[in-house]
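Asks: Hey, can you work out the whole structure from these sequences and the hints?
Residues per chain, in single letters:
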Amino acid sequence: MAGHFSSLLAADAGDSARIPVTVLTGFLGSGKTTLLNRLLKLPGLHGTAVIVNEFGEIGIDHDLIAQTSDDTVLLANGCLCCAVRGDLVEALVRLAERTDTPLRQVLIETSGLADPGPILRTVMGDPAVRGRFVLAGVVCTVDAVLGSGTLDRHPESVQQAAVADQLFITKTDLPEGAAALPALSIRLREINAGARMQTDAAQQPAALHLLLQPRNDGGAVNADALFYRPVQAAAEVPAQHRDGISSFVLVRDVPLPREAFAAWLDMVIASRGQDLLRVKGLVHLAEEPERPLLIHGVQHLFHPPELMPAWPGADRRTRIVFITRGVDAEALGETLDVLVRRHLRRAPRS
Amino acid sequence: MSTAVADDLVQRFDALLDLWSRLATRHVALGSACACGMGGVSLQLVDFELDIVGYLEDAGQRCGIVEVVDFFNELQRDEPRPQPLVRLLEDAQQERLPQAVAEWLLPKAERTLRSFAELHGGGMQA
Numbered sequence: 048m049a050g051h052f053s054s055l056l057a058a059d060a061g062d063s064a065r066i067p068v069t070v071l072t073g074f075l076g077s078g079k080t081t082l083l084n085r086l087l088k089l090p091g092l093h094g095t096a097v098i099v100n101e102f103g104e105i106g107i108d109h110d111l112i113a114q115t116s117d118d119t120v121l122l123a124n125g126c127l128c129c130a131v132r133g134d135l136v137e138a139l140v141r142l143a144e145r146t147d148t149p150l151r152q153v154l155i156e157t158s159g160l161a162d163p164g165p166i167l168r169t170v171m172g173d174p175a176v177r178g179r180f181v182l183a184g185v186v187c188t189v190d191a192v193l194g195s196g197t198l199d200r201h202p203e204s205v206q207q208a209a210v211a212d213q214l215f216i217t218k219t220d221l222p223e224g225a226a227a228l229p230a231l232s233i234r235l236r237e238i239n240a241g242a243r244m245q246t247d248a249a250q251q252p253a254a255l256h257l258l259l260q261p262r263n264d265g266g267a268v269n270a271d272a273l274f275y276r277p278v279q280a281a282a283e284v285p286a287q288h289r290d291g292i293s294s295f296v297l298v299r300d301v302p303l304p305r306e307a308f309a310a311w312l313d314m315v316i317a318s319r320g321q322d323l324l325r326v327k328g329l330v331h332l333a334e335e336p337e338r339p340l341l342i343h344g345v346q347h348l349f350h351p352p353e354l355m356p357a358w359p360g361a362d363r364r365t366r367i368v369f370i371t372r373g374v375d376a377e378a379l380g381e382t383l384d385v386l387v388r389r390h391l392r393r394a395p396r397s
Numbered sequence: 078m079s080t081a082v083a084d085d086l087v088q089r090f091d092a093l094l095d096l097w098s099r100l101a102t103r104h105v106a107l108g109s110a111c112a113c114g115m116g117g118v119s120l121q122l123v124d125f126e127l128d129i130v131g132y133l134e135d136a137g138q139r140c141g142i143v144e145v146v147d148f149f150n151e152l153q154r155d156e157p158r159p160q161p162l163v164r165l166l167e168d169a170q171q172e173r174l175p176q177a178v179a180e181w182l183l184p185k186a187e188r189t190l191r192s193f194a195e196l197h198g199g200g201m202q203a
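Same order as they appear, the protein sequences are chains F and X.
Position one of the first sequence corresponds to residue 48 (the working numbering), numbered consecutively onward.
Position one of the second sequence corresponds to residue 78 (the working numbering), numbered consecutively onward.
Hints were generated in silico from the structure; no laboratory data involved.
Only a predicted model underlies this, so the values are computations on that prediction, with no experimental measurement involved.
A couple of the hints might just be wrong.
Claimed, not checked - Each pair of labels, with its calculated beta carbon distance range:
#1 Ala57(F) with Ala92(X): 35 to 41 Å
#2 Ala83(X) with Glu334(F): 43 to 49 Å
#3 Val298(F) with Ala92(X): 27 to 33 Å
#4 Pro165(F) with Gln138(X): 46 to 52 Å
#5 Glu167(X) with Gly178(F): 49 to 55 Å
#6 Pro222(F) with Asp95(X): 56 to 62 Å
#7 Glu137(F) with Arg99(X): 42 to 48 Å
#8 Pro229(F) with Arg99(X): 16 to 22 Å
Stated by the list, open to error - Not close to chain X: a few residues of chain F, all C-beta gaps over 12 Å, as computed:
#9 Gly50
#10 Thr81
#11 Leu150
#12 Glu223
#13 Arg305
We put the CB at the ideal spot given by N, CA and C, even for glycine.
Replies: Have a look at this one:
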C-alpha cells in the first residue's frame, strides 16, 4: 500500500528549520482579538507575522500599526501583520519570501465563525506551505460567561475547542465567569481531554507568547506536547461527548513494525480521514527503538513524520492522541493489531 | 450444546458472514481524495482475510482452551485456502466447528470484523 502517510514516511522530512505557525481560534466575542492586542504589547515579537483572516474583524489598536502595503502592516514592535483577504497560501508564501525582516514565527487569527480545520490543513498539506512552515499549536479562546451556551448552539465552536492544544478561558475575572467556570471546564474536558487549560486571563498573553516561540531544543520532543501528557487524564473522561466528538489515547507497549504502522494509518486516513479532527503522537517503531516517530495530522492531512533524536523520558510506549468525530477507539486498536500481525507473519523467520 | 445456544451461534455467525460479504469488496482509495498529490491506489478488505484469520489464529493458540488451541494449530498446518475468513465463518455458521471453538471464536470475530466495519463503513454493523 502507498497511502498518504506511507508516502510521507518514505519521503525526506525536509528542512527541519521550518517556521512555526500558531493558530488562534475561538468563537465570536470569546476574546481572541483582545488577547492578540495584549500579546502585541509584549516585547520580543520581532520577526513575528500575524495573519488575520478577516480584515474587517481585526481589532488591533491602530496606533500600533504602520501601514506598509494594502495587506501587510508593520507593528510598532517589529511585528508584521498580514490581513488575508483571500488566499492563506499566498499570504504565507509572501511572508516566507520577504527579505527585509527575517520571519521567525507566524500567528494566524481565525474568523470567529470558522471551523479552523481548513486553515490547519493548509498549513500541513499545501505543497507550497508545508516545506516552509510547521504547525506549532492551536490556541482556542472560550468565553467563561457565554461559552457553554455557545457550545450548545454553534457546532463551529465545538470544532474550535476540539482541535486546540491549549484552551484559554477568558472573562474568568467577571463574577459570572468565575461561577460558570467549573461546569465549562468539565464540558471542555469532555470535548478535548488532552488540551492544556489556561484560566488565568492575566497569564494568557505570556502563555501565548511562549507558545509562539520557535523551539530551540535541538529537536527534542516538547514535554508539554499533548501526546506527552499523562495518558490517564485522557482515559478518565467519557469516550463519547454529546457533540459527537471524542478524544482518546491509543497506547501500545510493544514496538510497532514501521510498515505495519504506516499501512494501518494509511487505511485509517483513507477511511475516516474526515473524522480525524486532530491526531498527535509518539510512535515506538521496532526499527528505531531509540528515536520516537512524531506524527501530527488534521483530518486526512499529516505533517511529514519526524524521527526525534531521543525519547523525552523513560516511557517509551507508543501514545497517540485522537480527537475524532465518532471514530471508535477499540476499532482503531483492533485493526492496528491485525496489521501488526500481518507484518509479523510476512517477516522472514530466522 | 442446547438448541437455543446453537441457534444463537448460527444466527450470529450468519450475521457476520453477511457483514463481511458487504464489506469485503469495498474499495478504499488511499489518498486520492486529497490535495497531497497521491492517488490511484486502493485496497479491498478482502485483501485482509488472511491477516484476520492469522490474527484470530494467534489469539486462539494463546487462549489456553485445549480444544481451541488444537483447532487453530491444525488450521495453521493446513494448506492455505482462498477466502480463509469466509470459509472459517461458513464452517462456524454450518456448525462444522467444535462447540468450544465456535463459542470462543464468535466474540473475537465479531469484535475484529466490526472494527473493520467501523472504519470502512462508518459504523456499518451487522
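Asks: Decide, hint by hint, whether the structure agrees.
Replies: To see whether the hints hold, each was checked on the structure:
1. As the Cβ distance of Ala57(F) to Ala92(X) is approximately 40 Å, the hint placing it in 35 to 41 Å holds.
2. For Ala83(X) paired with Glu334(F), a C-beta distance near 47 Å keeps the hint of 43 to 49 Å intact.
3. Range check, Val298(F) to Ala92(X): about 31 Å between beta-carbon atoms, so the 27 to 33 Å window is met.
4. At about 48 Å, the CB distance of Pro165(F) to Gln138(X) agrees with the hint of 46 to 52 Å.
5. Roughly 52 Å separates the CB atoms of Glu167(X) and Gly178(F), a value that falls within the hinted 49 to 55 Å.
6. Separated by about 59 Å at the C-beta atoms, Pro222(F) and Asp95(X) satisfy the suggested range of 56 to 62 Å.
7. Look at Glu137(F) against Arg99(X): about 45 Å separates their beta carbons, and that is inside 42 to 48 Å.
8. Restraint check, Pro229(F) to Arg99(X): a C-beta distance of roughly 46 Å breaks the suggested window 16 to 22 Å.
9. Separation of Gly50(F) from chain X is inadequate, the least Cβ-Cβ distance of about 3 Å not exceeding the 12 Å criterion.
10. The claim that Thr81(F) lies off the interface holds: its Cβ sits roughly 35 Å from the closest Cβ of chain X, which is beyond the 12 Å cut-off.
11. Here Leu150(F) stays apart from chain X, with its beta-carbon at least about 24 Å from theirs, past the 12 Å limit.
12. At roughly 40 Å, the least C-beta separation between Glu223(F) and chain X is larger than 12 Å, which holds for a residue marked as non-interface.
13. With a least CB separation of 17 Å from chain X, Arg305(F) remains clear of the 12 Å interface cut-off, as annotated.
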